[in-house]
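Go ahead and model the full structure; you've got the sequences and the hints to work with.
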Amino acid sequence: MEALDRNQAIEDSLLRPVFQTSRKLWVVVAMLLAVIAYGGFQWAHQLKEGLIVAGMNQPVYWGLYLTNYVFFIGISHAGTLISAILRLTDAEWRRPITRAAEAITVFALLMGTSNVLWHLGRPELIYIPMLHPQPLSPLIWDVACISVYLMGSITYLYLPLIPDLALLRDRSPRLRWLYRWLSLGWQGTPKQHKLLDRAIGFMAVAIIPIAVSVHTVVSWVFAMTLVPMWHSAIFGPYFVVGAIFSGIAALLIAMAILRKAFHLEPFFRPIHFNNLGLLMLTMACLWLYFTFAEHMTVWYGNEPDEVAVLTSRLSGAFSTPFWTMITCCFVIPLCILSFKRTRTIIGTVIASCAVLIGMWLERFIIVISSASYPRSEFMHDGGLYSPALVEIALTAAQFACFALLYIVFAKLFPLVSIWEVKEGDQTELEAELTGTVEARL
Amino acid sequence: MTREYSTRQLLPSFILLLLGCLLFTGCSKAGASPDQPIAFSHRIHVENQIDCSYCHDYYEDYDVAGIPPVATCVDCHLLMFEEEPTADLEKIFEFADAGTEIPWVRLYELPKYTHFSHKWHVRAELECQTCHGEIGTSDRAVQHMVYNMDWCLTCHEEQAASVDCVTCHK
Amino acid sequence: MPTWGMAIDLDRCNGCEACVVACRTENNVAPAGPEQAALGRTVEWMRVERHVKGEFPNVRTRFVPVLCVHCDDAPCVSVCPVSATYENPEGLNAQIHPRCIGTRACAQACPYTVRYFNWGTPKWDAPLEQTINPDVAVRWKGIMEKCTFCVQRIRRAKDNAREDDRPIADGDVQPACAQACSAEAIVFGDLDDPESAVSKLSESARAERPLEELGTGPRVFYLKEGDWRGSVGPQSSD
Amino acid sequence: MKRRDFLKTTVVTGTAGVLFDACAPPGSDQIIPILIPEEEFIPGVEEFYPTNCVECPGGCGLLARKMDGRLVKVEGNPAHPISRGASCVRGQALPQAMYHPDRVRGPLMREGARGAGQWRNVSWDDAIERLVSELAAVQEDPSNALAFLTGALRGHRLDMVRRFTSTFEATRHLVHEPFGDGAVLRAHALTTGVEEFFAYDLENANYLVTIGASVLDASRSPVRFGRGVGHLRQGRPGRRGKLVAVQPRLSTTAAAADEWLPARPGSEASLVLALAHVILRDELYDTGFIENRTSGFEEFRARVLADFDPELVAGMAGVSVETLERVATEMAMHGPTIVVAGDAAVTGPTGLGTAVAVDHLNALLGGFGKKGGIFFNQDPPFSEWPSLETVVPAPEALFANLTKESDASSGIRALLISDTNPVHTLPSSAGIDGFLSEIPFVACFTSFVDDTAQMADLILPESTPFERFDDDVPSPSVGIPVATLSAPMFSRPLYDTMSMPDVLLRVAAGLGGTVAEAFPWASYEEALRAAWSGLHAVSRGSVTESTERRFWSRALAAGGWWDEDVALNADCLTSDGLYRFELPALESIGLDRTAAGDTSRFTLYVYPSTAFGDGRSAHLPFLQELADPMTSVRWGSVVELNASTASELNISDGDLVEITSDTGSLRVRAQITQGLRPDVVALSAGQGHGEYGRYARGRGVNPFSLLQATTGSDLFEVPLQATTVRVTRIKETS
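Residue numbers (the numbering used here), protein chains in the order written: chain Y, 1 to 441; chain P, 1001 to 1170; chain D, 2001 to 2238; chain W, 3001 to 3734.
The set of hints was computed from the structure by calculation and includes no laboratory data.
Do not rely on the hints blindly, as some may be mistaken.
What the hints assert, rightly or not - Heads up, simulated BS3-like pairs for lysine-lysine below, C-alpha to C-alpha not over 30 Å straight-line:
hint: 1; chain 1: D; residue 1: Lys2200; chain 2: D; residue 2: Lys2224
hint: 2; chain 1: P; residue 1: Lys1170; chain 2: D; residue 2: Lys2123
hint: 3; chain 1: Y; residue 1: Lys194; chain 2: Y; residue 2: Lys411
hint: 4; chain 1: D; residue 1: Lys2053; chain 2: D; residue 2: Lys2224
hint: 5; chain 1: P; residue 1: Lys1119; chain 2: D; residue 2: Lys2158
hint: 6; chain 1: P; residue 1: Lys1112; chain 2: D; residue 2: Lys2123
Said to hold, decoys possible - Chain Y regions said to be covered by chain D (calculated; three or more residues, Cβ under 8 Å):
hint: 7; stretch: 42 to 52
hint: 8; stretch: 126 to 140
Said to hold, decoys possible - What follows is a list of derived Cβ distance ranges for each label pair:
hint: 9; chain 1: W; residue 1: Thr3728; chain 2: Y; residue 2: Leu314; range: 28 to 38 Å
hint: 10; chain 1: W; residue 1: Ile3034; chain 2: P; residue 2: Leu1078; range: 23 to 33 Å
hint: 11; chain 1: W; residue 1: Ile3034; chain 2: P; residue 2: Thr1137; range: 31 to 41 Å
hint: 12; chain 1: P; residue 1: Ser1033; chain 2: W; residue 2: Glu3040; range: 28 to 38 Å
hint: 13; chain 1: W; residue 1: Ala3567; chain 2: P; residue 2: Ala1124; range: 48 to 58 Å
hint: 14; chain 1: Y; residue 1: Tyr127; chain 2: W; residue 2: Gly3690; range: 49 to 59 Å
Glycine included, every Cβ here is placed at the ideal spot set by N, Cα and C.
Structure (structure tokens):
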């Protein structure tokens, strides 16, 4: 009986956010919609005038849109990779956070790819690369990998959702038809469970190489060119590490917000923040290693074109963003996360905010600094690229839309996977019983 | 047991598909036949053994085929003394006296970024009808078809003519 | 099939930039206007770069006219997702405007930075649009454009040669820049024909190819400045 | 990927573009209506019409390409001896001058105050009638005078002006050409009796030294010199000529040169004489030429050996003694050598001295009449127009007039202006505004309302060279007689415009009496044809025909007449046929051992811009957008500062600085360069127009406004390097 009402308590506390919406949430949604509307208005203005309203110029052809593209695709890696790895390693503490992570993946991917529409000179011809690709172009590899990844992550989000959909189908006061349609007639029979576990297991294994391939291919859009400080072999792993790094940070922030907004304190316990914090610390060190390796080889190699870009980063026009990036991505996380005392919830959230800012700056520096200092010295960007209003408006709209999608998702589906938590709760009970026996053995 | 979807469930996706195809119908306007300032009939002129090159006198040597100036019409029609000249014949002289050219409505329009040369097509022994359809027997000039790249490429490949993009794209 | 190439003698070039304006007028490149020029949005298919070395008073300057070098193995061709730019059988790196979707990957990949983007719709204050050359398409916003080695002049030369039923002679094709150059520094022709002026110049001891070490296989040869060794031969009486 | 199926779906997917109009990409499909409707043309077929260029003294023969009834491009005329198929940056932008949005489209009469810029459109009849009435008023009262202010005109356009002014009793022909190198012409007249620019056989020369003259970019004849220097460098396998440039600033000529000697402004004359000193001291001069074809050599030799020791001159000129010695010996040993003077070096107090010194240096090296040396222009044998008993007024330099006489405009009742813009290219301190305001009636022949036309009462729109009959005798030329001819390429001008000579003919007919008799032709074409019949009569040269009518149409089709197999001539026209080593002109050259003076003051060096010349081409958008070859500035101006000087004044690249001279000041962005003397500040002419169409109006700064109008008897043009200025950095608030 005791197990029954424990499950009941779990279900109630997790379904409450789906059914009740506080007034404060509507205010937040209204604000987000305003930002998105302004972004839409600026986009229409850019569609009419052309990219002349943006800040890009000759030779800096790629600007904020591409930075955001790489940034959001980077964040999307956290979800699948973390939840897939934790699922495969059967880490018990993953249970409450997997769905939140997978949701980040899907929405970050949607936001990332929308940048392509704003970046293109003629967005109305977006269908041409799909229908008639030129296979040698890294951009086509991007298109292919990201579409596979998007499909993969949507299914990987949808499969663990099915049992909860069934629960909603039975208990939800509204949209029953939707839940019935989406839950595919789930009854919870052992056969269905076995089928579902095998499917989730397969997806967990399959999504990891896809995710790694996506960000390698995104980095190859830069690495395949002969542009100084882009054309380097390290870009593949460097971007993947950067992706996981920024992904974990995004996940931590999302979890902290959800914990506060939907009162999910019992599910997002300090242990989660502590473990993710440790994971982020290792990624920070890995990231610094890659950054150091890349800049060291360029400095030591001393090729004039490459050194021009390097000096612009270390001491030239891009020195402030560069050193802020180093502090945000390494120094702050190192200090906060390496001591148990500071690796609390607030600590990890501060660290991950710093990491997100740092990683956005890293993408900005990589894209813009190499573009500003091409091989032809005469063409070095005299005016130095500065983002225009339309680019900033669209970046803000992007973040707002990401948050809005997240809220809508939270309103339609439970953000914590109820059946996994119940399953976890079950095993925890047995563990307690046997635990005492083992402890004694 | 796999569930069968009821048609009602499949309805939304079906509508979506339909809309998609609708969207993608070509914007062709083959067969369009805008009214011209003068109801000119090719058939009558061809029956009077007037060769194409009499009016369209540039297609052998230049890129354009050439639309005849009103003077060419006046040359013949001045000497033909019909009993009661139709309104259209009068219009020829109205334009001639006013000193303005007849504002014929353009039937065929290639995009401005393409280069087309009648000369080399005529010298490759291509009949006017191949591209302009049975214009010789028509009373009203009708747009035979919308020229698109695929159609041109088919012919170029069959005749082993150059399919290098720069041949036609300028 | 000829392989078109160009030789630019930097010893002759005096930086007068006639080639730059000749190219703009011939190929309908609209001026960007003061504000857009200040933002670095000037489109000019050919530019004259000034390489200055040394301190006052021993300053050495070199003028280098820079245009698309029509690479044999072009970085831009491989990165374009819709193959809007491709290498045509005659060695031209052609840019097909209606196919371009404006990703600008080619411009970023080009090591010579000679590709220019139409950020906005090119604007001709009336009646300046009368100076538009009908042989060259007027571009529109959102697409890439670059030097085409005056493909419209190559087409006209081929037309005339085909009309007189003879092969294209060396010097038949003269791009607008070569024609306008008073110092006769720019020579254009068929690199496959060993007798052509450009082939001879390309074999000169002074000839070098820009950024050849990148393996792009450029088809423009720069002839380095010669050094003055007095007037070889008897004094002025010959 | 097969192209075939690329657009298999385009027709199908075309509508996807309907949302964004991708069926036909936007802006690519507008049909361009031609402005002159009844032009007969076959679309896609090109026609070439020869024309001539009036943008600079070079006088190239051009071909205008007409496509679909429109002028689309200008190319060099391959047959023309000056251009040989090439052209310069300003020639290439000429189609924009014809279709310029701000062209004057019909005669304008002033309304409101002078200079206010309010105009009333009038018909040509009213304009001619007003002109005739004003000139009749001048004829009645002998105290009234007619003044005709022009630039450095050439060909029969100049003869029309001189003939028109000669028919009035009290009349003056004022000339204003800011970079006209008037001192060089005066020097040539003093030494050789030939008051024309020399023709230089650059193709066969081995050594070229330019004193101040940036011959390759803007001043004299960039296309002719461009081709010549190109040939001098790489035209003869196995032999490469050397170019040395003596200028305070690294112009494009100095940048393209093998050696740049940054001489202090004003010291060029003594530097040239120091070179002469070395040549005389080591007796490297051409003794043959000097003995039989010169006079006054001994006094010249004594004077130079006495006063111009290289050690003394080197310190003052800022060039090392070794360089002077080496260059002098190289010039003598590795001839044939040519020395050319021009631009700022031949203006100001030492201007004439420099020009004369350079001529003497050429004489020392025996360059006159030698292969690879210097020849005199030979005028084409035009047949003279019916001669008049009247006296043709000698051309007077407007600037000299303004600075010398207290009241330069006394007695002038009517002023006609053509081909010059003195309000823009004269210092405000010269008092040009006062001069114009005192003259009751001012009429201006111009295609654009520029700074000077703004001050006129009547604007008579001039047709562009593509719409009018015109001929031109290029000077400097290539030694053989050359006459360029151009005919209109359209059946009628684009707007209601008329060429200046045709207007003069109609005015002469209106005035009647002796003036009408002086012009017995119905149109300027007839007058030209009468003159060109002389070329037919000699029946030699590039165009020879049986009848005069066929000669005229063949000449029009060829774009002019020239005789390539005429022997080049180099005999002096002095009284004794000898080259005179003129000394009086050299008195003014002294070794002004003035101390370095106040280090806070710099010499302002003004030079012609590659793209705009003296500002004449500033109204063309392609040229405004062109990156200046040496400063890369577009649509504006920059002042060049030497790097070390800038660091002393802690001015960094791009800062806003204020340049103040005694007569004015202006604010402009600074550009740090290594190619400039530390005590010099360089500003390009051409920008800073108050009024000259939308592309030039208010763009950049006008350096002429800063120059001091120093009084001096033999000044021809504005001194371009005799003004000292202070440079102060402006605290940028933005």
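#### Entry: Numbers of the earlier hints that this structure fails to satisfy, in rising order
Hint check: nothing fails, all pass.
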